[in-house]
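When we follow our numbering, the leftmost residue of the sequence shown carries the number 9, and every step to the right adds one.
Please note: incorrect hints may appear among the correct ones.
What the hints assert, rightly or not - Keeping only pairs whose Cα atoms sit at most 20 Å apart, straight-line, the calculated EDC-like set for lysine to aspartate or glutamate is:
{"#": "1", "residue 1": "Lys196", "residue 2": "Asp166"}
{"#": "2", "residue 1": "Lys155", "residue 2": "Glu114"}
{"#": "3", "residue 1": "Lys155", "residue 2": "Asp135"}
{"#": "4", "residue 1": "Lys173", "residue 2": "Asp213"}
{"#": "5", "residue 1": "Lys97", "residue 2": "Asp146"}
{"#": "6", "residue 1": "Lys53", "residue 2": "Asp86"}
{"#": "7", "residue 1": "Lys74", "residue 2": "Glu114"}
{"#": "8", "residue 1": "Lys97", "residue 2": "Asp135"}
{"#": "9", "residue 1": "Lys179", "residue 2": "Glu190"}
{"#": "10", "residue 1": "Lys179", "residue 2": "Glu206"}
{"#": "11", "residue 1": "Lys196", "residue 2": "Glu206"}
{"#": "12", "residue 1": "Lys178", "residue 2": "Glu190"}
{"#": "13", "residue 1": "Lys155", "residue 2": "Asp166"}
Said to hold, decoys possible - Just the calculated beta-carbon pair ranges, DEER-fashion:
{"#": "14", "residue 1": "Gly109", "residue 2": "Tyr180", "range": "27 to 35 Å"}
{"#": "15", "residue 1": "Pro198", "residue 2": "Glu96", "range": "14 to 22 Å"}
{"#": "16", "residue 1": "Tyr180", "residue 2": "Ser90", "range": "45 to 53 Å"}
{"#": "17", "residue 1": "Asp71", "residue 2": "Ser162", "range": "27 to 35 Å"}
{"#": "18", "residue 1": "Ile160", "residue 2": "Ser69", "range": "36 to 44 Å"}
{"#": "19", "residue 1": "Gly70", "residue 2": "Ser90", "range": "21 to 29 Å"}
{"#": "20", "residue 1": "Gln211", "residue 2": "Gly87", "range": "37 to 45 Å"}
{"#": "21", "residue 1": "Gln143", "residue 2": "Asn164", "range": "24 to 32 Å"}
{"#": "22", "residue 1": "Pro38", "residue 2": "Thr171", "range": "31 to 39 Å"}
{"#": "23", "residue 1": "Ser90", "residue 2": "Pro184", "range": "34 to 42 Å"}
{"#": "24", "residue 1": "Lys173", "residue 2": "Trp208", "range": "15 to 23 Å"}
{"#": "25", "residue 1": "Glu206", "residue 2": "Asp132", "range": "15 to 23 Å"}
Hints were generated in silico from the structure; no laboratory data involved.
C-beta atoms are modelled at their ideal positions from N, C-alpha and C, and glycine is treated no differently.
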Amino acid sequence: MKKIILAFMFVCPALLKAQPSGDAFRSFIPAGWELLAAASGDLNKDSIDDVAIIIEERVGSGDFGKLRNIMILFRAKDGKYSLACKGEKAVMGSESGGTMGDGFNEMKIVKGVIILNFAGGSRDQWDLTYRYRYQNGDFYMIGATNKGGNGIDSYNFDFNVNTGKMIVVKKYKSNPKKNINETRVVKKDPQPMLKSFEPWTLQYDGGVTF
9 MKKIILAFMF VCPALLKAQP SGDAFRSFIP AGWELLAAAS GDLNKDSIDD VAIIIEERVG
69 SGDFGKLRNI MILFRAKDGK YSLACKGEKA VMGSESGGTM GDGFNEMKIV KGVIILNFAG
129 GSRDQWDLTY RYRYQNGDFY MIGATNKGGN GIDSYNFDFN VNTGKMIVVK KYKSNPKKNI
189 NETRVVKKDP QPMLKSFEPW TLQYDGGVTF
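Produce the complete structure using the sequences and hints provided.
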């Protein structure tokens, strides 16, 4: 399950080449923290690859293990980075996956969208994906998916936060008459932002949670 990238060179080797001292993204990592994952891609539509990094405490201090932060660094034409956004709650701690251990699974950038994936559980397993995009001068959540089950019953919730369209699917093998497959239109106001969002805090009627 784990796709954690512990060395940035596996993500984008070009960004490690010829970086002047003090200009590299690693200079943004504070003392007592270390790099957990990184991804590169153009996030602000200036045709220059930016960087998203996840950093982790060296020594755990949170209720769910080591705390983690996500930092979005815009890269200028001269190669220098600037901090565009920092989320102190957006990435689950190192022991957030229940009996499955670390809940963090993957971070990637696809077509200017930052995608964070988490998974965990025990008998009941879950898989959470959040999508963030730079718009209106900040990073906003544009989509979320929560799916899982226990081998008998299953669910799949998919939410387009920008449009408010939410697809809710629940399947019960023991009682198919209870199955649900519907599309809702909901409004989340204010729209969740990367700098302040915490997983599992989007809640809607019918036990729909992201």
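These are the hints, each one checked on the structure:
no.	hint	result
1	Lys196 x Asp166	14 Å, holds
2	Lys155 x Glu114	16 Å, holds
3	Lys155 x Asp135	5 Å, holds
4	Lys173 x Asp213	14 Å, holds
5	Lys97 x Asp146	16 Å, holds
6	Lys53 x Asp86	16 Å, holds
7	Lys74 x Glu114	17 Å, holds
8	Lys97 x Asp135	18 Å, holds
9	Lys179 x Glu190	12 Å, holds
10	Lys179 x Glu206	27 Å, violated
11	Lys196 x Glu206	15 Å, holds
12	Lys178 x Glu190	9 Å, holds
13	Lys155 x Asp166	8 Å, holds
14	Gly109 x Tyr180: 27 to 35 Å	29 Å, holds
15	Pro198 x Glu96: 14 to 22 Å	18 Å, holds
16	Tyr180 x Ser90: 45 to 53 Å	50 Å, holds
17	Asp71 x Ser162: 27 to 35 Å	29 Å, holds
18	Ile160 x Ser69: 36 to 44 Å	38 Å, holds
19	Gly70 x Ser90: 21 to 29 Å	28 Å, holds
20	Gln211 x Gly87: 37 to 45 Å	43 Å, holds
21	Gln143 x Asn164: 24 to 32 Å	26 Å, holds
22	Pro38 x Thr171: 31 to 39 Å	38 Å, holds
23	Ser90 x Pro184: 34 to 42 Å	54 Å, violated
24	Lys173 x Trp208: 15 to 23 Å	21 Å, holds
25	Glu206 x Asp132: 15 to 23 Å	21 Å, holds
In the structure shown, a violation is registered for the earlier hints numbered 10, 23, in ascending order.
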